[in-house]
Amino acid sequence: MTFKYGIATTVAATLMATTAMAEIKVGFIGSLSSDTGLSTLRGAEMAIDELNAAGGVMGEQITLVSADTGEDVTEGVKAYEYLAESEEVDFIISGSIDDVSLGWLPRMQEFQIPTLDTWTSYIGIIDMVVEDPDLMAPYFMNIASDEALATLYINFGADVLKAKMGWESVVILAEDTAFGEAITGLVTDALGPVAGIEVKEIINYDIGTVDFAPIFSKAQASGADFIYQVSSVNSQVISSQYVKLQVPMAMTGVNVSALGLEYWEDTGGAGGGISTLSPIPSVGFELDPVSAQFVTDYQARYDSRPKMPHFNGFNAYHGLKQAMAAAAEAGGFGDVKAWNAAMLKQDLKLEKDGKLWLRYGFWQHGEVEEVTQRTYPQNALFDLTAPYEDAQPSMVVIQWKEDGSVGVVYPFEYANTEFEVPSWVK
Amino acid sequence: MMQIIIQGLLLSGLYALIAMGFMLIFSIGRTLNLAYGAYIMVGGYIYFWLSQQIGMPKVVGFLGAVVVGAIMGLLKHRLIVKPLKGDPVAVEISTLILAVIMQSAVVLLFGDASKILLPIIPGVVTISGAQVTYNILAATVMSWVIILALYAFIRGTHTGRAMQAVSMDQKGAAISGVDPDRINMITWAISGGLGAAGGVFFASYTQLSPTMWVAPVIISVAIVIVGGIGSIIGTLIVAHIIGFLEIIVVAVWAPELRGVFTMLLIIGVLIMRPQGLFGREEH
Amino acid sequence: MNLRPHHFLLWAAFIALMFAMPQFVGNGTLRTMIFACYLAIFAISWDILSGRTGYISFGHPFLVGIGAYTTAILTRRYGFPVEASIPLAVLFTMIGGLIVLLPALRIKGSYFALVTLAVMELMYQLVPVVRPDLTGGTRGISRLPALTRGAENGYYLAAGLMLAIALFAWLLMRTRLGTALWAIGMNEESVRGSGLSTTRLKSFAFLVSAAIAGLGGAFYAHYLGTITPRAFFDINVLFQIIVAVLIGGAGTILGPIIGAFFMVFMLEWLRPFLPGQERFFVYGLIALLLYMYQPKGIMAIIDSGWAKLRGART
Chain A
256 MTFKYGIATT VAATLMATTA MAEIKVGFIG SLSSDTGLST LRGAEMAIDE
306 LNAAGGVMGE QITLVSADTG EDVTEGVKAY EYLAESEEVD FIISGSIDDV
356 SLGWLPRMQE FQIPTLDTWT SYIGIIDMVV EDPDLMAPYF MNIASDEALA
406 TLYINFGADV LKAKMGWESV VILAEDTAFG EAITGLVTDA LGPVAGIEVK
456 EIINYDIGTV DFAPIFSKAQ ASGADFIYQV SSVNSQVISS QYVKLQVPMA
506 MTGVNVSALG LEYWEDTGGA GGGISTLSPI PSVGFELDPV SAQFVTDYQA
556 RYDSRPKMPH FNGFNAYHGL KQAMAAAAEA GGFGDVKAWN AAMLKQDLKL
606 EKDGKLWLRY GFWQHGEVEE VTQRTYPQNA LFDLTAPYED AQPSMVVIQW
656 KEDGSVGVVY PFEYANTEFE VPSWVK
Chain B
20 MMQIIIQGLL LSGLYALIAM GFMLIFSIGR TLNLAYGAYI MVGGYIYFWL
70 SQQIGMPKVV GFLGAVVVGA IMGLLKHRLI VKPLKGDPVA VEISTLILAV
120 IMQSAVVLLF GDASKILLPI IPGVVTISGA QVTYNILAAT VMSWVIILAL
170 YAFIRGTHTG RAMQAVSMDQ KGAAISGVDP DRINMITWAI SGGLGAAGGV
220 FFASYTQLSP TMWVAPVIIS VAIVIVGGIG SIIGTLIVAH IIGFLEIIVV
270 AVWAPELRGV FTMLLIIGVL IMRPQGLFGR EEH
Chain C
338 MNLRPHHFLL WAAFIALMFA MPQFVGNGTL RTMIFACYLA IFAISWDILS
388 GRTGYISFGH PFLVGIGAYT TAILTRRYGF PVEASIPLAV LFTMIGGLIV
438 LLPALRIKGS YFALVTLAVM ELMYQLVPVV RPDLTGGTRG ISRLPALTRG
488 AENGYYLAAG LMLAIALFAW LLMRTRLGTA LWAIGMNEES VRGSGLSTTR
538 LKSFAFLVSA AIAGLGGAFY AHYLGTITPR AFFDINVLFQ IIVAVLIGGA
588 GTILGPIIGA FFMVFMLEWL RPFLPGQERF FVYGLIALLL YMYQPKGIMA
638 IIDSGWAKLR GART
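Protein chains in written order, with my numbering: chain A, 256 to 681; chain B, 20 to 302; chain C, 338 to 651.
Simulated from the structure, these hints should not be mistaken for laboratory data. Do not take every clue at face value.
What the hints assert, rightly or not - One-sided and incomplete, this derived list gives chain A residues near chain C with beta-carbon spacing under 7 Å:
hint, residue
1, 288
2, 323
3, 326
4, 328
5, 329
6, 336
7, 340
8, 341
9, 358
10, 554
11, 590
Stated by the list, open to error - Label-pair ranges, simulated between beta-carbon atoms:
hint, chain 1, residue 1, chain 2, residue 2, range
12, B, 172, A, 419, 56 to 62 Å
13, B, 141, A, 419, 27 to 33 Å
14, A, 421, C, 435, 56 to 62 Å
15, B, 79, A, 307, 25 to 31 Å
16, C, 486, B, 127, 48 to 54 Å
17, C, 540, B, 198, 41 to 47 Å
18, C, 490, A, 476, 54 to 60 Å
19, C, 428, A, 476, 42 to 48 Å
20, A, 645, C, 497, 39 to 45 Å
21, B, 127, A, 421, 47 to 53 Å
22, B, 160, C, 428, 52 to 58 Å
23, C, 486, A, 316, 28 to 34 Å
24, A, 457, C, 519, 50 to 56 Å
Built from N, CA and C at the ideal position, the CB exists for glycine as well.
Start from the sequences and build out the full structure, keeping to the hints where you can.
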């Protein structure tokens, strides 16, 4: 009995293995309980369903398996190994956060599975691509790297904070993390020379800080015109205390928690008056018809959080289709070199009202960006100079208003509302 | 200077409230209740759910949090502490596992995005140059009320004195006619309720998140260890030492070293004076 | 030493079984086993310190982390070869073990657990702040040199290391030294009364435990390839180590190994059925129920099952 059953299962397993040959298997790696992770997962799901409905890729249907990281570094390594060795996926799409991506990168280098990162923006990973293009051939990042985000943000300082608001000096509140350190370094180096804003003081704070009152007192005592704040971990604590304490100084900067539409609900409406830079397409960003259709379909399909996909949801949706198109050209995902070459050629131009609005393409090897004078191979294409004719800017600045509405304030070409300071600041 | 005093008093009041419930359990059973952080987290989330998600009055939200916290304390005593016969190591380990389970449960129910509580009492006032929210002021006042009530309860009532007796000498208390089991049960319930109440205020200071249970446990551990076992006054004083230490480090020196000195204080005190600054000698 | 031939037969069988494993299972399972082997090493290390002497350490990730960070910093920042950096990592971890030993000379029980917890927390807060150019701050250190490549080689390395450490610990525990450590856990006063220096015995246990943690941590770091503070100095890591020992059975050699494999595999097996956070919830729940059912661990359950079976036969 047991023996017969054993044969039956073996036969079944063999059959399944053969049918499994005729499909393309995509793995998702990321947190299944965060808005970030779900945005990427759902963007990928929708792209796959559309491709399958249109007959699949190279005549094969695409399936999706997901591996949860719980935003834990070690779980991330296990998840990548699971996708690579247990599920034997052909392609991996990632919605991982920075340190989780860094955790599984050695596995990607070992397995050489084509992988697309949609959330992590760490420039250090692009540096690895520059240093060792062969080892990093399977890796693509279709969000502008943090270094490019910060560079363009300096222009916001010059064009809006200095030119329009007339602010001359700044105090920087930076969380004590690598992210904070990287962004703060860039901003402090460039604010003075490029934007003409004097940095009065830099205050690094611990991410576990319970009470920000003494830190805001310190910031006020510096005598600067405004606060520039950088936070990616527990960002809501500092911004909500800013609102609750009604700190009489304007505050702008980077606040990762304010990047999704759920920010308003999560802060109970106590997040007004906050502005932050955001990767594109951000909340409050006007969409081209193709991306708008994606959002309509998304909302018809999912009714749980996040109600509106975060930027990485768009990246996953467009990026997955591009990865499949590259595979079709390269004859599958097996030949990483060929896939890499085909992926680099991908170029999706989305127009709105006759103007180039969003572009999904990649920097080539050796291609130098004119402002930063460096290369960004396999990183999402972006444009750092107005009027942004080559691609979209690397970031936009969004403004949460006290009535709960949100819009883009910078660059002006993409703006649909005005930068403003909270009502309690004179 | 005045700013530091005001901010220090406010933060210390919050820390004292958080540490009280932890101290009670530690003095009765010599048990590190690592799941204490779970009461704090659950208190915050219950308040958020009742008052912000279903729109009940804030008082109902607060009472709801305290009741759920007390029930959790009771359940833990019934289902975990008693079956393990109070073996401290076994209880510590099982509470650690429980805390991790609670963390997953919160992610499942509320997702892992952090959430902000609306101020319990909105508004802000400037006292000698320092902005102070009514919310934080209310938290400090409440925490003093709760601490004084607890002090009166332990010193002034029969049950309270019995709790003290059990904390000093379990067997001796049993001989003199106190039922240690009943007292233990009451203590676990009070500790749970206090934790949940502290959680509402802690969350209104910071945020709700599935990992928010770790930080208050570390703070409580620091305060109780440095203060010593079984001393409400000691806990209160040390809460102020640690609160002021933190504010001074942040305001005057390096804000990124906020937590470092607290840890050094614990390690230093424990090595120099294992019974804590205000504790009794243990045998 | 009380050594019998059947002991060696059992060990030989165990080692042969572990090394034959790649013939029977796929690469995916081998990867899971690698993690289980490293967790087992940390669990054995914890058990030598805490399971035997009764000094419950809540700071064990601190020791593992020192091992990992030392070899990472030496290889990546100063260009040391791994042959030099791993022994140095073990040495540094032993120094770290002495730091943990200091409070143990004066305090015990829950107080000791608290101090070690504070040490770990201190480390977590210091790593990003002090010399981030060396530690890489919160993003940690990437691109550590790999010792081997591929699931099979990685498995042989991890399993070999674990078996060597387990055999060493087993032999050690069968010496009079091992018995004395055990006696400290039972009743420290009476050990002191019998004229033995408990301080020397404790120092020995702490150093051995730290050396194993450092060795395991260093190899683990090279296996991972990237290390971050969150992956080491974290209460979840502590949770996994302690729970592995207690679920398996403290004070035994096989217990921590069984516990580590059980915990790691349970989490992996749940993955296809519960892909999201439910997995961690169920995993914690099973661990709690098992622990409440038998605080002495799976070893005790096996023992009592074995005894019942034998009782039923006779």
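Going back to the hint list, which numbers does this structure go against? 3, 10, 11, 15, 16 and 20
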